[in-house]
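Asks: Here is how the chains run, residue by residue.
Protein chains: 2
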Amino acid sequence: MTTCIKVKQPKTKYIDCDSCSMQPVCLPLKAGKTEISIMDSYLSKRNIVTISTPLFQEKEKADAIYAVCSGSFKLTETSPEGKEKVIGFRFPGELIGEDAIHTPNYNYNAVAVGNTTVCRVDLDELNECGKLMPELQLSLISLLSKQNSMLREEFTSVVAKHTAESLLAAFILNMLKRNAQYQETESKLHLPVGRDVIANHLGFRRETLSRIFSKFQQKGLLSIQAKDVEILDLPGLQDVAYN
Amino acid sequence: MTTCIKVKQPKTKYIDCDSCSMQPVCLPLKAGKTEISIMDSYLSKRNIVTISTPLFQEKEKADAIYAVCSGSFKLTETSPEGKEKVIGFRFPGELIGEDAIHTPNYNYNAVAVGNTTVCRVDLDELNECGKLMPELQLSLISLLSKQNSMLREEFTSVVAKHTAESLLAAFILNMLKRNAQYQETESKLHLPVGRDVIANHLGFRRETLSRIFSKFQQKGLLSIQAKDVEILDLPGLQDVAYN
DNA sequence: TATAAAGCTTGATTTAAATCAATAAAAAAA
DNA sequence: TTTTTTTATTGATTTAAATCAAGCTTTATA
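The listed protein sequences correspond, in order, to chains A and B.
Take the first sequence: its letter number 240 is residue 224 in this note's numbering, and every next letter is one higher.
Take the second sequence: its letter number 197 is residue 181 in this note's numbering, and every next letter is one higher.
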């Protein structure tokens, strides 16, 4: 039976696995429908709703892996001078804290952006359960492999981008691709965070970000209304990204 | 018994597992010494030596995972205009092609930089074998988790670096950390490739790279002789990276 | 609803990196 | 070894992004 717990914030909604919109994401971990009930009791897989709270923080004991069910997370790192750097985002279907398998402590922060739902997989229980169910391990291997590809592609999208324009274009395309996995819309994108956070993440100033967004709109590549982006010329955007 | 095969190049040396310098890297896959012989026959794990040849290429069928035993690999992507972009490097102890687990085809090129040794794990055989040996799967899970962390850290080291100086400093530190896992020297680093390739990877011109290397030498942060870098002021370099 | 606060955009100037161009050094070939 | 080729460094100019600064929106609060 699925148990749902409440963390750190007052206005928490309880969501069980059966009504979770991201069932397909969790399904691999369940290793087939017939075994859901077994998994639920053995794995203590729970749906947790957090509101703008950290899932975990730097140096905290790494004792669980999380899969994002709904909403977005930002990952941050605190530099020696105390400045916060946004090192990535996580969307439904992606893992957070998978390092836990081999690391005693997390070394970054995972903070919910708005209301989110995650599945928590306790490491101890995962190990116990894995011995009994090889299918579970195969699912985890597949999930980790997918996460690996996502990370490599994310890396590829930001590395070797000399101009701010190509970097932003590549970032938008990367977000679009990752969103496509849980949303139907191929041409629309909701930015999970404000300009400041995106600028921080990409390593330039909010002014530069604004200017480029304006330029992209003038060129007819996209239209942007607050945090809602509509892609108008995908090939054009790809051209900008690959340069 | 370990079998070693020869690929694509004439001057290939045969190396078996017992004499491989990177045994500790492969050990997790072997799931304990007592089972080495079983693994060798079941998994067809082979040491392959390649010389400047692609391990695999874009769009090729993804049927194996590789672990680097010795030497370095560069990963590249061909842009629509046909330009080659260096999207990363892989060093001993790291995985290549782990995407194979969930992707039908590779979507990047893995090219040996000089002479290298890799362990090839055939996917079909891995699946067969996994059913018989849960420990093997646990090892793979651990390897994938480590690779995940490596990728995230690599990503973190290049993202949000506004100046070319901080980007290069972060790149050197990342290389240094990854080298430390299989070399004793904490302060020395051998660049696996020339300036052009590094500049391509980091997204700026070879002239800029040269200038920054010169600047770092003038500041006494490091000394560089061809491809050999010696770190002289690690905290100083970290200061440059975190800015 | 009015007012304050936060977030976003645009302009003018300064600074950092690209580009163009010429050497210099190292590696490969004759 | 000497010549050729490749690779790396340094200089002068142009271009792109940071910075400084002001206005504009949107959201939050009284």
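One should not assume that every hint holds.
Any copy will do: because identical chains look the same in the list, a pair fits if it lies in one copy or spans two.
[Stated by the list, open to error] Listed next, the in silico BS3-like pairs over lysine-lysine satisfying Cα-Cα at most 25 Å (straight line):
id, residue 1, residue 2
1, K161, K69
2, K67, K45
3, K45, K172
4, K45, K211
5, K130, K58
6, K161, K67
7, K161, K45
8, K43, K58
9, K43, K161
10, K203, K130
11, K43, K67
12, K45, K58
13, K43, K199
Since the hints were made in silico from the structure, they are not lab data.
Asks: If a hint holds in the structure, say so; if it doesn't, say that too.
Replies: Evaluation of the provided hints:
1. K161 / K69: For K161 and K69, both the intra-copy (23 Å) and inter-copy (20 Å) Cα distances are at most 25 Å.
2. K67 / K45: Intra 22 Å, inter 44 Å, cutoff 25 Å: intra-copy only.
3. K45 / K172: Neither, since 38 Å and 32 Å both go past 25 Å.
4. K45 / K211: This pair counts as neither: shortest intra-copy Cα distance 35 Å, inter-copy 39 Å.
5. K130 / K58: both (19 Å within a copy, 21 Å between copies)
6. K161 / K67: The answer is between: 22 Å across copies meets 25 Å, while 30 Å in one copy does not.
7. K161 / K45: The answer is between: 22 Å across copies meets 25 Å, while 32 Å in one copy does not.
8. K43 / K58: Classified as within: same-chain Cα gap 17 Å, cross-chain 32 Å, threshold 25 Å.
9. K43 / K161: between (32 Å within a copy, 19 Å between copies)
10. K203 / K130: neither (35 Å within a copy, 43 Å between copies)
11. K43 / K67: Close inside one copy (17 Å), not across copies (41 Å); limit 25 Å.
12. K45 / K58: within (19 Å within a copy, 34 Å between copies)
13. K43 / K199: neither (41 Å within a copy, 35 Å between copies)
Comparing the model with each earlier hint shows violations of hints 3, 4, 10, 13; every other hint is respected.
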